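Residue numbers in the sequence shown follow numbering that gives the first Met the number 0, run continuously in steps of one, and reach 184 at the last position.
Treat the hints as calculated values from the structure; they're not laboratory data.
Fair warning: there could be bad hints in the mix.
[What the hints assert, rightly or not] The list that follows gives simulated cross-link-like pairs (lysine to aspartate or glutamate, EDC-like), each with its CA atoms no further than 16 angstroms apart:
#1 K99 / D109
#2 K14 / D72
#3 K143 / E132
#4 K74 / D63
#5 K150 / E107
#6 K66 / E107
#7 K137 / D147
#8 K99 / E53
#9 K103 / E53
#10 K88 / D72
[To be verified] Computed spacing ranges between beta-carbons, pair by pair:
#11 K77 / P123: 35 to 43 angstroms
#12 K182 / N92: 39 to 47 angstroms
#13 K77 / R28: 20 to 28 angstroms
#14 I13 / K103: 33 to 41 angstroms
#15 D76 / P123: 38 to 46 angstroms
#16 K50 / I75: 34 to 42 angstroms
Keep in mind it's a predicted model, so treat the numbers as computed, not measured.
Glycine residues also receive a C-beta, built at the ideal position from the N, C-alpha and C atoms.
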Amino acid sequence: MNRCDWVTNDEIYIKYHDEEWGIPVHDDRKLFEMLILEGAQAGLSWITILKKRENYRKAFDNFDYNKIANYDDKKIDKLLKNSGIIRNKRKINSAINNSKIFIKIVNEFDSFDKYLWSFVNFKPIKNNFNTIEDVPSKTELSDKISKDLKKRGMSFVGSTIIYSYLQAVGVVDDHIKSCFKNKRS
């Protein structure tokens, strides 16, 4: 079975590619989870984050952004000692701060889903690249969303991170032509 070029023979990658990547997500908690995981991935490989994903779910209250917004210094210290996650204080503080801004966006737009998908007129962008090398690392869309999130006060939401996020939550479908997930192949 042909998959996108970036997929290795690692079962975690295969499952992620086949069951999640590029599939539209409309659940706010799942959208928040992926935003935090993409930020945690900065400077690391995505497989590292995928292997720690269950640990993140446990450590971050299953990505309940309302709970995370209320984390205190005691909880931050606990997270910094948790070897199951990336113990980077800036990334942990970013997750907490971003949860507070996420809540503000939810309150403003009735859901993060409505906020995010409004950038693409509520329809996924389906690209049709030949190889993974053809796929951009960022686009005008990711620049625009990144800029807006930064203006609102979020961190670890640069354009490259946001483009990966858009791919992860199916706002952008970048399955290459030869991949079985590409509906046009």
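Violated hints - listed by number, lowest first: 2, 3, 6, 8, 9 and 16
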